[in-house]
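Number of protein chains: 2
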Amino acid sequence: MNSDHLDKWIGRRKERRENFSLVSLFTLLIQGDITVLSTCLTVLESTRTDDQVLAKQLIESALPLSGNSIRIGITGVPGVGKSTFIESFGKLLTDQGHKVAVLAIDPSSSENGGSILGDKTRMTELSVNPKVFIRPTAAGATLGGVARKTRESIYLCEAAGFDVILIETVGVGQSETYVHSMVDFFLLLMLSGAGDELQGIKRGIMEMADALVITKADGDNEMKSKIAATAYKNAIHLFPPKKSNWIVPVLTCSSINNSGMQEVNKSIEGFSITTKANGWFAEHRKIQDSFWLKETLRDKILNEFFGDEKWLAALEQQEKMVYEGAISSFQAADNLYKQFKG
Amino acid sequence: MNSDHLDKWIGRRKERRENFSLVSLFTLLIQGDITVLSTCLTVLESTRTDDQVLAKQLIESALPLSGNSIRIGITGVPGVGKSTFIESFGKLLTDQGHKVAVLAIDPSSSENGGSILGDKTRMTELSVNPKVFIRPTAAGATLGGVARKTRESIYLCEAAGFDVILIETVGVGQSETYVHSMVDFFLLLMLSGAGDELQGIKRGIMEMADALVITKADGDNEMKSKIAATAYKNAIHLFPPKKSNWIVPVLTCSSINNSGMQEVNKSIEGFSITTKANGWFAEHRKIQDSFWLKETLRDKILNEFFGDEKWLAALEQQEKMVYEGAISSFQAADNLYKQFKG
Numbered sequence: 004m005n006s007d008h009l010d011k012w013i014g015r016r017k018e019r020r021e022n023f024s025l026v027s028l029f030t031l032l033i034q035g036d037i038t039v040l041s042t043c044l045t046v047l048e049s050t051r052t053d054d055q056v057l058a059k060q061l062i063e064s065a066l067p068l069s070g071n072s073i074r075i076g077i078t079g080v081p082g083v084g085k086s087t088f089i090e091s092f093g094k095l096l097t098d099q100g101h102k103v104a105v106l107a108i109d110p111s112s113s114e115n116g117g118s119i120l121g122d123k124t125r126m127t128e129l130s131v132n133p134k135v136f137i138r139p140t141a142a143g144a145t146l147g148g149v150a151r152k153t154r155e156s157i158y159l160c161e162a163a164g165f166d167v168i169l170i171e172t173v174g175v176g177q178s179e180t181y182v183h184s185m186v187d188f189f190l191l192l193m194l195s196g197a198g199d200e201l202q203g204i205k206r207g208i209m210e211m212a213d214a215l216v217i218t219k220a221d222g223d224n225e226m227k228s229k230i231a232a233t234a235y236k237n238a239i240h241l242f243p244p245k246k247s248n249w250i251v252p253v254l255t256c257s258s259i260n261n262s263g264m265q266e267v268n269k270s271i272e273g274f275s276i277t278t279k280a281n282g283w284f285a286e287h288r289k290i291q292d293s294f295w296l297k298e299t300l301r302d303k304i305l306n307e308f309f310g311d312e313k314w315l316a317a318l319e320q321q322e323k324m325v326y327e328g329a330i331s332s333f334q335a336a337d338n339l340y341k342q343f344k345g
Numbered sequence: 004m005n006s007d008h009l010d011k012w013i014g015r016r017k018e019r020r021e022n023f024s025l026v027s028l029f030t031l032l033i034q035g036d037i038t039v040l041s042t043c044l045t046v047l048e049s050t051r052t053d054d055q056v057l058a059k060q061l062i063e064s065a066l067p068l069s070g071n072s073i074r075i076g077i078t079g080v081p082g083v084g085k086s087t088f089i090e091s092f093g094k095l096l097t098d099q100g101h102k103v104a105v106l107a108i109d110p111s112s113s114e115n116g117g118s119i120l121g122d123k124t125r126m127t128e129l130s131v132n133p134k135v136f137i138r139p140t141a142a143g144a145t146l147g148g149v150a151r152k153t154r155e156s157i158y159l160c161e162a163a164g165f166d167v168i169l170i171e172t173v174g175v176g177q178s179e180t181y182v183h184s185m186v187d188f189f190l191l192l193m194l195s196g197a198g199d200e201l202q203g204i205k206r207g208i209m210e211m212a213d214a215l216v217i218t219k220a221d222g223d224n225e226m227k228s229k230i231a232a233t234a235y236k237n238a239i240h241l242f243p244p245k246k247s248n249w250i251v252p253v254l255t256c257s258s259i260n261n262s263g264m265q266e267v268n269k270s271i272e273g274f275s276i277t278t279k280a281n282g283w284f285a286e287h288r289k290i291q292d293s294f295w296l297k298e299t300l301r302d303k304i305l306n307e308f309f310g311d312e313k314w315l316a317a318l319e320q321q322e323k324m325v326y327e328g329a330i331s332s333f334q335a336a337d338n339l340y341k342q343f344k345g
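Protein chains in written order, with the working numbering: chain C, 4 to 345; chain E, 4 to 345.
The hints are simulated quantities; they were obtained by calculation from the structure and are not laboratory data. Careful, some of the hints might be misleading.
Remember, identical chains collapse to one label, so a pair may be satisfied in a single copy or spanning two.
Simulated pairs of lysine to aspartate or glutamate, EDC-like, Cα-Cα distance not exceeding 16 Å [said to hold, decoys possible]:
1) K341 to E307
2) K303 to D337
3) K323 to E286
4) K289 to E319
5) K102 to D221
6) K245 to E63
In this text, all values refer to a predicted model and were calculated from it rather than measured experimentally.
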């Protein structure tokens, strides 16, 4: 058992003379204790060996209690209004009695220190709503690593009783491929442009979407949004049919007017009913598991080298020689590999 | 020595009773024999063990003769006109006496079977120009693997005497990060939008660019392109200064009118002179080598598992159990890892 954060928590428990045990930790987690959930996610993200042991136990304990949620990915270019959409949509969900967890995968976060959800003040109402758990993007060295931890977080959130998981990402690259590999429903937010609506967002990302929602459909923009929606509907007709047999709706919404949120929610409910009936919902999760089996294995294999101080020091030495022009990068990779395989 | 293609080549040589040797192959390569270059790149891309041995020898032989080119990355969203730009720009370069190699990194290619440069007919003039070598995107299981092979191709093209290497990719995700890690100059092609010029292309990709070029600046579009260029110039001023100390120009061009190509070329020449003088050109290549050292090593380590039929069969078995719900993806990864470490 470890992690500095968890230590503090144990400290608090000890005041009541309660000895730490995984069972007592997990009991608090499944009661929906948000502080405990938050601490457990920190354990998941930790690179400390003892934390990783605990993380594994937590996931194993959570798995049988997980799965009873709808996992919704939300993407769109910067400026499309993801935060305000989640603020507005999240309120609707909690008003209906749902418990909502908001996670994020933000590839720029690890590089720049910024984070999509780092600033909870951007979701002022949601962040103080007791039925909502908001977690900034996981830390990690690689996008794959960050994504893997986010996926593991889903299981703990579900075990803690959250039945709607929203996963936010920026719609510009590889990250939504990862999000798509862990959500049931993929929501693409779009702005109504002026003519070139289909540009900007990669076709591949559009093809992943289970719903397109045009944001900021208010004021002067309302008519433009309706026109854009029609253009998207026509475009979507040309895409190959989805394996889920789901017909992708194109909707408009306004976070300012709180309009269109009911329709988005009805679409997601409709998707859930349809795909649970035709078997896709369960099938899709199985396909995702297979993807993540490989990702997890890849991480484990690479971690032997890249998670070991000794090898990182050897790497640094070879990097220096490459930099000085003494050897090529190919020779350096060969040297290290031979040393590693000993 | 191997690869089916190379076998055929040897066949032809044998008619002249010439025995195969690496030296004779390499002699033909450095004489700029395009058929031999093409065959050698096929060897690089091959996953056969004997081909990989030959590939390593080829790269080692090529390295001392490589580096004497300018490597130019060209990116932009689908529809921006990359092929027509390369057709027009490539002609200018060959008219000036350069030998031009056109390579590609297309992440969608491996999934969909399509390829940016698969259809050479899109570059009708260039493809029959004897001073030009066009190669479709490398085949490969992962984007990183495809990119690594493209980088290795650069060295062979340079050894074959090509002094301008153009590397094309689609400007929508992770692939341009890889391209950026292997080129000296990164050219971002853009369309003049209607107001929302800065949307669509991720800011991070824009920050990588050494020049922005607005395409299709002809006819009715010419004025719009000039306005867009001014908007981009203003936007770029807000970006942090580049390590190269290079001031990023914003240009316009038309592949139809063949206009603006001289200016693009002058920018690249200016960049080359400036950064060779201030040391960035060489420094940048060293930084890139260090990045690729890690990529190559990662590939080698993973290949032990993912390149071995035996382990792939074990993986398939575990995938089946995950699919059937018998075990979790985490347990499956654990099982495989334990077997692998055996």
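To see whether the hints hold, each was checked on the structure:
Taking the shortest Cα distances, K341 and E307 sit within 16 Å of each other both inside one copy (14 Å) and across copies (13 Å). Within a single copy, K303 and D337 get their C-alpha atoms only as close as 21 Å, which misses the 16 Å cut-off; across copies the closest is 9 Å, which meets it. For a Cα distance limit of 16 Å, the shortest separation of K323 from E286 across copies, 13 Å, qualifies, whereas the shortest one inside one copy, 49 Å, does not. For the identical chains of this complex, K289 and E319 are inter-copy neighbours only, at 14 Å across copies versus 40 Å inside a copy, given an alpha-carbon limit of 16 Å.
With identical chains, the CA atoms of K102 and D221 are never at most 16 Å apart, being 28 Å at best within one copy and 55 Å at best between copies. Neither within a single protomer nor between protomers do K245 and E63 lie at most 16 Å apart by alpha-carbon distance, with minima of 33 Å and 47 Å respectively.
Going through the hint list in order, the structure does not satisfy hints 5, 6.
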